[in-house]
Amino acid sequence: MEISKTIDFIEKSEHVGLLLAPAPNIDILAAAEMLARALAKRKKAVGLFYEIALPPRGIPSIFGALRSAQKLPKEFVISLDTAQSPASELRYEKSDGHIDVIFSPKGPGILQEHVSFREGRVQCDCIISLGIPDIESVSGDITDDPEIFTRTPIINIDSSPENKQFGEVNIVDARPHSEIVYSLITAMEKLPPEEHEATLLLAGILAGTRHLTSPELKPETVLAVSELMRAGANYKEALALSKEKRPLNIIQLTGRAHVRSKLDPDEKILWSFLTREDFEKTNSGIEDAGKVLAAISRECPWETVAVLLAQDPSTERIFAFLTGDDRALSEIDASAGGEWKDSSLALPASFEHFAGAEEYVRSLLGRAL
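If you read the sequence shown in the numbering used here, its first letter stands for residue -5, the second for the next number, and so on.
None of these hints come from the bench; they were simulated from the model. Do not rely on the hints blindly, as some may be mistaken.
No more than 16 Å apart at the CA atoms, straight line, and that leaves these computed lysine to aspartate or glutamate pairs for EDC-like [claimed, not checked]:
id	residue 1	residue 2
1	Lys35	Glu188
2	Lys65	Asp128
3	Lys65	Asp135
4	Lys65	Glu113
5	Lys65	Asp139
6	Lys(-1)	Glu162
7	Lys256	Glu293
8	Lys335	Glu352
9	Lys158	Glu352
10	Lys275	Asp306
11	Lys158	Glu183
12	Lys68	Glu113
13	Lys65	Asp119
14	Lys35	Glu8
15	Lys38	Glu5
16	Lys335	Glu183
17	Lys68	Glu141
18	Lys35	Asp138
19	Lys212	Asp167
20	Lys256	Glu352
21	Lys239	Glu293
22	Lys68	Asp119
23	Lys65	Glu45
24	Lys38	Asp135
25	Lys262	Glu297
26	Lys285	Glu310
27	Lys275	Asp320
28	Lys230	Asp167
29	Lys212	Asp320
30	Lys(-1)	Asp119
31	Lys256	Glu297
32	Lys37	Asp119
33	Lys68	Glu130
34	Lys335	Glu281
35	Lys184	Glu141
36	Lys37	Asp138
37	Lys262	Asp320
38	Lys237	Glu310
39	Lys100	Glu83
40	Lys285	Glu221
Nothing here was measured: the structure is a model prediction, and the numbers come from that model.
All chains should be built: construct the whole structure from the sequences, respecting the hints.
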């Protein structure tokens, strides 16, 4: 039902805006690229609301549609100061490839200096939001037309359990964004993707499932991978694309976390630790902890939850970051609070010692698992 409503919104729209986080991951980029291509085939004007970070390799061939997408156009407003130059009538005439806007004066006449020009509202009939749990997190980035979210229908596509369901249509499912978009495009076009498109979608799915090792992996996702392979997806290329390049300091910081990692005896929970010295030696900060946890969760064996306990180098307090089982993390979020970022849950509590932080997280996990 949600897919059909989405298609209906798209078909009725001339200008479609893609709303992504400023630094989207490969899964979201692949989904957005495929959506942009599908919309362009339907002669839709596709635009972004602001610049997004694109990986340098493979451009423009891989993310060509996103790179060529411009900011959405704006209305062009012709304004007459009627207090200075009153008008009795306004009309327009089309002729010879141009439009004349005509003001009929009321009184002595209309002076040119009383006519001005400016940009109006962004032209957008429909917004497709990808990978954004809360629209408030990005609304502040659109300063030139802040009311666009209140007047424009939003198609909300996301995999986060914390999604605020802010769209007229909400396709919120714990699956990779690329898989959801694959289902949408297949329903729209009634044809399998071309080989290079199947490769891009497969790369997104691999990135979104930690290369099919996520404990939340669903049978439908495995089926989608099989269908994309049958459509000609190049697994080797998809695997290479799905491995996002990381800055050197994040690689170094991740290596230090690897050294200080351990598995619980039942191998269901992975624990990793970062000290103040780790951050200082790698010129990193506590804000990089989520990126490290994402890397560790892809590279280490675990089954249910991965936990990173990190010591803020500026305050020396210990903070906890968790990723893994959506149901368990949602329950922890409801009871202890937290902030979702980089697919991980950052807990608000802080501790003086690692032992206290670990004991606290273990108590939360004990109730949630």
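Of the numbered hints stated previously, which ones are contradicted by the structure, given in increasing order?
2, 8, 9, 11, 16, 18, 24, 26, 27, 28, 33, 35, 36, 38, 40
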